[in-house]
Amino acid sequence: MRLLKRRRRGIGKGKKNERAKQLWNHTKDRISSAEEKLLRAKDIIQNIERITKTAESRAEKAKSEFKLLKKDGFDVTARGFEAKRVLENAEQEVEKAKRNYQKATEDLPLLEERCNTAREKWQDLQDKRKESQEKTTGNVMKRPGAAEKEDEEGEDDDGEEEDEEEDMMKRPVAALKRPAGVKRRPSAA
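All residue numbers for the sequence shown refer to this note's numbering, where the first residue is 294 and numbers rise by one.
Among the clues, some could well be false.
[As the list claims (entries may be wrong)] Keeping only pairs whose Cα atoms sit at most 27 angstroms apart, straight-line, the calculated DSS-like set for lysine-lysine is:
id: 1; residue 1: Lys396; residue 2: Lys314
id: 2; residue 1: Lys389; residue 2: Lys360
id: 3; residue 1: Lys335; residue 2: Lys360
id: 4; residue 1: Lys428; residue 2: Lys321
id: 5; residue 1: Lys330; residue 2: Lys428
id: 6; residue 1: Lys377; residue 2: Lys356
[Unchecked claim] Cβ pair distances, simulated, as ranges:
id: 7; residue 1: Glu424; residue 2: Lys389; range: 47 to 55 angstroms
id: 8; residue 1: Gln315; residue 2: Glu413; range: 15 to 23 angstroms
id: 9; residue 1: Glu311; residue 2: Glu381; range: 46 to 54 angstroms
id: 10; residue 1: Glu381; residue 2: Gly307; range: 53 to 61 angstroms
id: 11; residue 1: Lys414; residue 2: Asp368; range: 57 to 65 angstroms
No wet-lab data here; the hints were simulated from the structure. For each residue, glycine too, the CB sits at the ideal point set by N, CA and C.
Produce the entire structure from the sequences given, and follow the hints as far as they go.
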């Protein structure tokens with residue numbers, strides 16, 4: 294009765310497991326987002342020449358087109374206004390590429406640190422989970438004869454590998470896939 298009251302109040306194993314699961318998922322998400330941001334920053338830094346070159350070529354093309362329209366007097370027409378808008382967008386793209394590169398170079402050490410911190414936290418959680426699993430499986434009692442058999446098997450290590458290989462060669466693959474208690478089906482020949 295007391296246990297039910299505790300669980301209703303939120304004190305019990307259910308809440309503890311739920312919080313552990315939330316922490317696990319949150320840490321996993323943090324690692325993936327940190328790695329993604331780090332890879333994006335590294336990509337910007339490595340490919341800045343290509344990015345700026347394409348942006349500058351677009352700007353030059355738009356500039357030359359607008360100059361031709363202005364020379365012919367078509368800069369006040371719909372085509373002229375569209376060319377002017379394209380030129381402004383291309384120039385903004387060049388500036389954006391430079392800003393992104395500057396930001397990526399500034400943020401790179403911070404992003405690496407965040408990524409490493411998240412990985413360390415993930416490793417700690419994995420270690421804690423492993424310890425708790427070992428605690429729960431470590432308390433299982435073995436049969437009294439099982440400990441003696443393990444000791445005997447530990448002494449005969451040198452000839453055991455050869456015997457296992459021979460047994461594997463003699464048994465058909467289907468027998469290996471069957472559980473131990475299941476017998477072969479009678480053949481319909």
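Can the suggested window of 47 to 55 angstroms be confirmed for the beta-carbon pair Glu424 and Lys389? About 49 angstroms separates the Cβ atoms of Glu424 and Lys389, which means 47 to 55 angstroms holds.
Is the straight-line distance between the alpha-carbon of Lys396 and that of Lys314 27 angstroms or less? Violated. Lys396 to Lys314 sits at ~35 angstroms, over the 27 angstroms cutoff.
Pairwise hint evaluation, Lys360 against Lys389, where the allowed Cα distance is 27 angstroms at most: holds, 24 angstroms
Between Lys428 and Lys321, is the straight-line Cα distance small enough, at 27 angstroms or below? holds, 24 angstroms
Satisfaction of hint between Lys356 and Lys377, Cα-Cα up to 27 angstroms: Holds, at about 8 angstroms.
How does the Cβ-Cβ distance of Glu311 and Glu381 compare with 46 to 54 angstroms: does it lie in that range? Given range 46 to 54 angstroms: holds, Cβ gap about 53 angstroms.
Is 15 to 23 angstroms respected by the C-beta to C-beta distance linking Gln315 and Glu413? With a Cβ separation near 19 angstroms, Gln315 and Glu413 satisfy 15 to 23 angstroms, so the hint holds.
Is 57 to 65 angstroms respected by the C-beta to C-beta distance linking Lys414 and Asp368? Since Lys414 and Asp368 have Cβ atoms about 59 angstroms apart, the given range 57 to 65 angstroms holds.
Going straight from one Cα to the other, do Lys335 and Lys360 come out at no more than 27 angstroms? violated, 37 angstroms
So does Glu381 sit 53 to 61 angstroms from Gly307, Cβ to Cβ? Since Glu381 and Gly307 have Cβ atoms about 59 angstroms apart, the given range 53 to 61 angstroms holds.
Has the given pair, Lys330 with Lys428, been kept, meaning a C-alpha gap of at most 27 angstroms? violated, 37 angstroms
In this structure, the hints that do not hold are numbers 1, 3 and 5, in rising order.
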